[in-house]
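Participant: The lines below spell out each chain.
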Amino acid sequence: MLSIHNISKQYAQHTALNKVSIEVKSGQIFGLLGPNGAGKTSLIRIINQITAPDKGEIYFNGQKLNQSHISQIGYLPEERGLYKKMDIGEQMIYLARLKGLSRADATSKIKYWFTKMEMEGWWKKKVEDLSKGMQQKVQFIAAVMHQPDLIILDEPFSGFDPVNAEIIKNEILTLQRNGSNIIISTHRMESVETLCQHIVILNKGHKILDGNIHHIRNSYRNGSFRIVLNKPLREISFNDFDIIGWVALNENYQFTIKLKNNATINQALMALIPLAQIIGIEEFIPSMNDIFIEKVNQNTPVYAKSVFNN
Amino acid sequence: MRKVFLIISREYLNRVQKKSFLVLTFLLPTLIIGMYASIFLIFKTGDSQLKQIEIIDRSGIFKNEFKNQQNLEFKIINNSLASAKQKLIEQKETFLLFIDSNYAKSGKVEVLSQNKPSLNLVMDIESQMENILQNRRLLAAGIDTSVLNKVKAQVNINAKQISDEGEKNTSIGATAVIGFTSSFLIYMALFIYGAQVMRGVIEEKTNRIVEVIVSSVKPFQLMLGKILGIGAVGLTQFLLWIVLSTSLMSAASYVLVNDGENIKDKIIQKTNQNNGYKQANETSPNQITDMLNATDTIDFGYIITCFLFYFIGGYLIYSALFAAVGSAVDNETETQQFMLPITLPLIFTFIIGVNLIVNNPNSALAFWLSIIPFTSPVAMMIRIPFGVPAWQLALSVTLLIVGFLFTTWVASRIYRVGILMYGKKTSYKELVKWFFYKE
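The listed protein sequences derive, respectively, from chains A and B. Residue numbers for the first sequence follow the working numbering, so the first one is 1 and each next one is one higher. Residue numbers for the second sequence follow the working numbering, so the first one is 1 and each next one is one higher.
Hints were generated in silico from the structure; no laboratory data involved. Please note that a few of the clues may not be correct.
What the hints assert, rightly or not - Simulated pairs of lysine-lysine, DSBU-like, Cα-Cα distance not exceeding 35 Å: (1) B:K218 x A:K111; (2) B:K150 x B:K67; (3) B:K108 x B:K67; (4) A:K84 x B:K433; (5) B:K108 x B:K87; (6) B:K19 x A:K109; (7) B:K438 x A:K19; (8) B:K424 x A:K84; (9) B:K3 x A:K64; (10) A:K125 x B:K424; (11) A:K116 x A:K169; (12) A:K295 x A:K19; (13) A:K109 x A:K84; (14) A:K132 x B:K3; (15) A:K84 x A:K116; (16) A:K19 x B:K433; (17) B:K19 x A:K111; (18) A:K132 x B:K218; (19) A:K116 x B:K3; (20) B:K3 x A:K19; (21) A:K295 x A:K169; (22) B:K425 x A:K204; (23) A:K125 x B:K18; (24) A:K84 x B:K19; (25) A:K124 x B:K3; (26) A:K85 x B:K3; (27) B:K429 x A:K84; (28) A:K295 x B:K424; (29) B:K218 x B:K18; (30) B:K218 x A:K84; (31) A:K204 x B:K424; (32) A:K55 x B:K425.
Claimed, not checked - Quick list of the computed label-pair ranges, beta carbon to beta carbon: (33) A:S131 x B:A232: 34 to 40 Å; (34) A:S26 x B:Q337: 47 to 53 Å; (35) A:N66 x B:V177: 52 to 58 Å; (36) B:K429 x A:G211: 40 to 46 Å; (37) A:N66 x B:I401: 29 to 35 Å.
Source: prediction; values computed, not measured. Beta carbons: idealized from backbone N, C-alpha and C, even for Gly.
In isolation and in its complexed conformation, chain A is listed as follows:
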């Protein structure tokens, strides 16, 4: 639904984006990841038409991105806020009308969301009277109330307590079920794992990883398992696997093993069963966090590496 072709953006001497191409498919929650200064915000601002790219094109549902798409995009910026002295209800209507809604339409949609989020009494309140978490809720609604086709959420969970973060997470999933396409940019890898189907990692203006999150994680599997046994295994070597490490867990022992060559986990288990009781077993799949760190570090440019080596 969103095709980004060879986008480049230069700020004076600094290249924010270098020939980045991304394809966001319909119905997905799309994770846009990357360390600070990777170019995420630049890219998001380009999609929102806040700034224009130096080179490259963006297609929104097959059409070249233009002003008419503004009303079909909802945006929750990382740096976000509201008018402190304005009534919340009026403020929401104002923001909705800027997105192209009529006053009546805006009012009914906002009322719907206020009821849904249990905020009915807030209409006449001023933003300065709300807690930070409450303000975040209002901002979230402002980003999604006009039922946009594409919702871009930059760090949507920052400022929320775990209870409200869960509420927002469920709302995001509901929006997806109702047909919205969602791009999330966040540093919280655990929420990426639970929400996103597809991710892209940007680093220093380049795309360094792009793919389905399950495929990516699977591709990083290296035949490691965590096995919990009731006895220690010391000084034993096996044909099919190496013991990488172990820790004591209460009365049990957790071993991390890595399969050798073409060995299967069944072969490893057959070797272990005679020696001890197997309490638990789990394949070790690298977390997004691990993948992120590995990917970003291996892409450290040459000049930065030489600094470390010296």
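We have chain A already, so just place chain B on it with the hints.
Facilitator: Coordinates of chain B only, in the frame set by chain A:
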């Protein structure tokens, strides 16, 4: 365009509904009218009562030379000072003028009374005494009063402007006052409303709401909406002031003066009367009456039109610059370094204007200051009541429009980058860089 209108209406309604706006809008005219009314009341009531002034002249210099005025009656008495004082306690409206026997040397004169004498009363007596003394000294020097009266010259230039419609009475004083006042109002308004634009931009930036808004509208639309919205607030305030002042003024004069005379006539009458005791029946025009008469000849419609144009034009130029400054900083304390070059031409023109343009409204300096867009709103308004050639006005107006289009363009290029830059200390170099950023 619909979105710009939305922004304008938010900026406008939000400010107009504030208490501070209402207070300022209604308080100022009330204060001005109150001031006028109290001046009028002083003129009307303060001096209408007849006051008896008893004179004990021990020096014998002033004798019967005092002349009665409309509200002053002089009476020479020969009582002793003590008995005259005794009498004062019984009569409230009587004043005792005691002139020492050794007046010529000591210059000792006293006014004794139960009530404190008004400043006017003392000034009237002083002026009469000065006159009497002067005449005596002239006589003593061998100059006859009749000769003196012939010699006495009173020059009062009646300035007339020749135009197609014939001759018009003008008063340099009135013209200068009007020019100065309107120029001062513009000067103040540019600062007040320009600063409001700047504060509004900083508020949106520090609030971080700006990124949400520019995802719906172009930064230029946001800037334009804010400038026009606040400008409309300024216009509303000015119009309300004009309407309120004039209606309150006419209401006040209706209440205070029911016999058809107005404050102006009252003041003319009063000044003539002060003037008139010398040349009893001769009504000589003086500056104040002249000025008040000349206000009738000034074309207020023309001046108000010019005023509104230069207010709007100047406001658009300066508010765009103020908006650019607001976008470049994170809080108000950082604005100082950018404010100086913006405000300098205004302050310079105003100071120059007060001293030089009023004195010489057609000088080369006055001409250039009233042509350059950054200074013309203040400088031209001083010149307009004196009459400005049509081609100069046309040139100034054209350049002001070109100037505001240009500054708005420059400001918007800085603004669009500035509003999205957080936590960075901005330098002039940085601003130039922003200006050259591509869209």
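Participant: Next, verify each hint and record whether it holds.
Facilitator: Evaluated hints:
Only pairs whose Cα atoms come within 35 Å are accepted, and K218 of chain B paired with K111 of chain A is accepted, the gap being roughly 28 Å. Pair hint K150 of chain B plus K67 of chain B holds up; C-alpha atoms about 21 Å apart against a cutoff of 35 Å. Between K108 of chain B and K67 of chain B the alpha-carbon distance is near 21 Å, which keeps this suggested pair within the 35 Å criterion. Restraint check: the Cα-Cα separation between K84 of chain A and K433 of chain B comes to about 32 Å, which is no more than 35 Å; the hinted pair holds.
Between K108 of chain B and K87 of chain B the CA atoms are separated by roughly 22 Å; this keeps the pair inside 35 Å, and the hint holds. Distance hint between K19 of chain B and K109 of chain A is fulfilled; the C-alpha atoms sit about 31 Å from each other, no more than 35 Å. As the CA atoms of K438 of chain B and K19 of chain A are separated by approximately 17 Å, the hinted pair is consistent with the 35 Å bound. Under the criterion of a C-alpha separation no larger than 35 Å, the hint pairing K424 of chain B with K84 of chain A is consistent with the structure, at around 23 Å.
Of the pairs offered as hints, the one joining K3 of chain B and K64 of chain A holds, with about 22 Å between alpha carbons and a cut-off of 35 Å not exceeded. The hinted pair formed by K125 of chain A and K424 of chain B meets the criterion: a straight-line CA distance of about 33 Å does not exceed 35 Å. Pair hint K116 of chain A plus K169 of chain A holds up; C-alpha atoms about 14 Å apart against a cutoff of 35 Å. For the given pair, K295 of chain A sits about 19 Å from K19 of chain A by alpha-carbon distance, which is consistent with the 35 Å threshold.
Only pairs whose Cα atoms come within 35 Å are accepted, and K109 of chain A paired with K84 of chain A is accepted, the gap being roughly 22 Å. For the given pair, K132 of chain A sits about 29 Å from K3 of chain B by alpha-carbon distance, which is consistent with the 35 Å threshold. With a C-alpha separation of about 23 Å, the suggested pairing of K84 of chain A with K116 of chain A holds against the 35 Å cut-off. At roughly 23 Å between alpha-carbon atoms, K19 of chain A and K433 of chain B fall within 35 Å of each other, so this suggested pair holds.
Using a Cα cut-off of 35 Å, the hinted pair K19 of chain B and K111 of chain A holds, with the two alpha carbons roughly 29 Å apart. For the given pair, K132 of chain A sits about 28 Å from K218 of chain B by alpha-carbon distance, which is consistent with the 35 Å threshold. Proximity of K116 of chain A to K3 of chain B is assessed by CA-CA distance (about 28 Å); at most 35 Å being required, the pair is judged to hold. For a cut-off of 35 Å, the pair hint linking K3 of chain B to K19 of chain A stands: about 33 Å separates their Cα positions.
A threshold of 35 Å between alpha carbons decides the hint, and for K295 of chain A with K169 of chain A the separation of about 26 Å falls inside it, so the pair holds. At most 35 Å may separate the alpha-carbon atoms for a hinted pair to count; K425 of chain B and K204 of chain A meet this at roughly 23 Å. Note on K125 of chain A and K18 of chain B: the hinted pairing holds, with a Cα-Cα distance of about 16 Å set against a maximum of 35 Å. For a cut-off of 35 Å, the pair hint linking K84 of chain A to K19 of chain B stands: about 17 Å separates their Cα positions.
A threshold of 35 Å between alpha carbons decides the hint, and for K124 of chain A with K3 of chain B the separation of about 24 Å falls inside it, so the pair holds. A C-alpha spacing of about 21 Å is found between K85 of chain A and K3 of chain B, which places the hinted pair at or below 35 Å, so the restraint holds. Between the alpha carbons of K429 of chain B and K84 of chain A the distance comes to roughly 33 Å, so the proposed pair stays at or under 35 Å and holds. Using a Cα cut-off of 35 Å, the hinted pair K295 of chain A and K424 of chain B holds, with the two alpha carbons roughly 30 Å apart.
Restraint check for K218 of chain B and K18 of chain B: the C-alpha separation of about 27 Å stays at or below 35 Å, so the hint holds. Between K218 of chain B and K84 of chain A the CA atoms are separated by roughly 22 Å; this keeps the pair inside 35 Å, and the hint holds. A C-alpha spacing of about 20 Å is found between K204 of chain A and K424 of chain B, which places the hinted pair at or below 35 Å, so the restraint holds. For a cut-off of 35 Å, the pair hint linking K55 of chain A to K425 of chain B stands: about 29 Å separates their Cα positions.
For S131 of chain A and A232 of chain B, the hinted distance range of 34 to 40 Å is satisfied, since their beta carbons lie about 35 Å from each other. At about 50 Å, the beta-carbon gap between S26 of chain A and Q337 of chain B stays in the expected band of 47 to 53 Å. Between N66 of chain A and V177 of chain B the CB atoms are about 57 Å apart, so this pair conforms to the stated range of 52 to 58 Å. Under the hint 40 to 46 Å, the C-beta atoms of K429 of chain B and G211 of chain A, about 42 Å apart, fit the expected range.
Separation of N66 of chain A from I401 of chain B is about 31 Å and conforms to the stated range, judged on CB atoms against 29 to 35 Å.
Checked against the numbered hints above, the structure breaks none of them.
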